[in-house]
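Peer 1: Sequence order for the protein chains is A and B.
Heads up: the first sequence at position 70 corresponds to 70 in the numbering used here, and the numbers run straight through without jumps.
Heads up: the second sequence at position 125 corresponds to 1125 in the numbering used here, and the numbers run straight through without jumps.
Everything labelled a hint here was simulated from the structure, so no lab data went into it.
Wrong hints could be hidden among the right ones.
Simulated DEER-style distance windows between Cβ atoms [unchecked claim]:
id: 1; chain 1: B; residue 1: 1017; chain 2: A; residue 2: 23; range: 33 to 39 Å
id: 2; chain 1: B; residue 1: 1069; chain 2: A; residue 2: 144; range: 23 to 29 Å
id: 3; chain 1: A; residue 1: 128; chain 2: B; residue 2: 1028; range: 28 to 34 Å
id: 4; chain 1: A; residue 1: 62; chain 2: B; residue 2: 1054; range: 23 to 29 Å
id: 5; chain 1: B; residue 1: 1086; chain 2: A; residue 2: 126; range: 58 to 64 Å
id: 6; chain 1: A; residue 1: 69; chain 2: B; residue 2: 1083; range: 43 to 49 Å
Which residues of chain A face chain B? A few of them, derived with a C-beta cut under 8 Å, are [to be verified]:
id: 7; residue: 65
id: 8; residue: 68
id: 9; residue: 135
id: 10; residue: 164
id: 11; residue: 186
id: 12; residue: 195
Everything numeric in this text was worked out from a predicted model, so none of it was measured.
All C-beta atoms in this analysis are idealised placements derived from N, C-alpha and C, irrespective of residue type, glycine included.
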Amino acid sequence: MQAINNKNQENEIIQKIIEGNENAFKLLVDQYQNMVLNICNSFLHNYDDSMDVAQEVFIKVYQNINKFRKDSSIKTWLYRIAVNKSLNFIRNKKKNTIFSSLDILFETEDNKRKKNIEAIDTEKTSDEKIIDDDNKSILLKAINTLPKKQKSAIVLNNYENLAYKEIAEIMEISVSEVGVLINRAKKKLYKKIIHHF
Amino acid sequence: MKCKKIKSNLLLYIDNELSDKSMKEIDLHLKQCEQCNKEFNKLSAVYKHLGNKTMIPENPFFYTRLRQKMENKLLKSHSVKKQLLAVLQPVTYVFLLGVGIYIGILIGSGGMNNNNISTSESQNPEYMQEYSSSLYLDEMKLETIESSFIAEDNENNEDTENK
């Protein structure tokens, strides 16, 4: 498999995709699918959801490849789309949970049985793991309550281990703004976590 | 440092983003203050998960699934267009028919005659006088064809009697 190593190759691949070359698109997907999948997972923490959103990212890339500004790299563009798609997915999911909470009123016997089985499984796991899982879910809930920009900055910094400069490029803001967003996010996270206990 | 200030800096302390002096101060405070230490332990137990994520391995079927999804989307958009066309086509025909009928009614009732000049002129007495005199040009309005023949016949009779 040919890899995209430099800007010239990248431009060549993009041009081929614009011309409708299927193999060029496959090459792009093969090269970046793992990266996109893991960016989505940094936000969503769920395999199936990440898979869905990652596919949506590449569909958007395919549909809008002629709008791609060649002054930034395709990697940055993919990051940007993946972040936006993931944040939109979280927002839509929040809306849907309001409706799905109504389903609890009409819970079927099957669902009740499933929940009982899950509860028995949980009992089998160690106390430490339960506490760990609880703490993890407290953190994820706290992150999900952050405003969109703060959430993006803190996830890209802590889960994707990106430098402030890279985050600034992806979010199309200044480096100092990234610093401010991360600091504010941490202060809010502190309040949310402490408030939980 | 007071407890409030210590607490507000705890996350920066965990991330090691404070000056050496502040780090040492918080270190010391946490050893002495039980309440702050408790809060620090709870916070760090949760905060340690920040950045911890399970890496998803490469999926060999990713591209195949992606292509499938793209084709499904394309089919769906085509079927939506077809459905829309199936609804819009009869609606357009009915609308055009309605417009045709309406125009027909308007023409029939004379409602489309917006000749304001004739209306205003009909209210002008001078015009009306001229108009009424011009009516005499059309003899049919003054005398029917039958009375005209009778009158002509009478005139002929009178002529022959005189001769």
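Peer 1: It remains to establish, for every hint, whether it holds in the given structure.
Peer 2: Status of the hints after comparison with the structure:
| no. | hint | in the structure |
| --- | --- | --- |
| 1 | B:1017 to A:23: 33 to 39 Å | violated (47 Å) |
| 2 | B:1069 to A:144: 23 to 29 Å | holds (26 Å) |
| 3 | A:128 to B:1028: 28 to 34 Å | holds (30 Å) |
| 4 | A:62 to B:1054: 23 to 29 Å | holds (28 Å) |
| 5 | B:1086 to A:126: 58 to 64 Å | holds (60 Å) |
| 6 | A:69 to B:1083: 43 to 49 Å | violated (36 Å) |
| 7 | 65 | violated (13 Å) |
| 8 | 68 | violated (18 Å) |
| 9 | 135 | holds (4 Å) |
| 10 | 164 | violated (12 Å) |
| 11 | 186 | holds (5 Å) |
| 12 | 195 | violated (11 Å) |
Consistency note: the structure conflicts with the earlier hints numbered 1, 6, 7, 8, 10 and 12.
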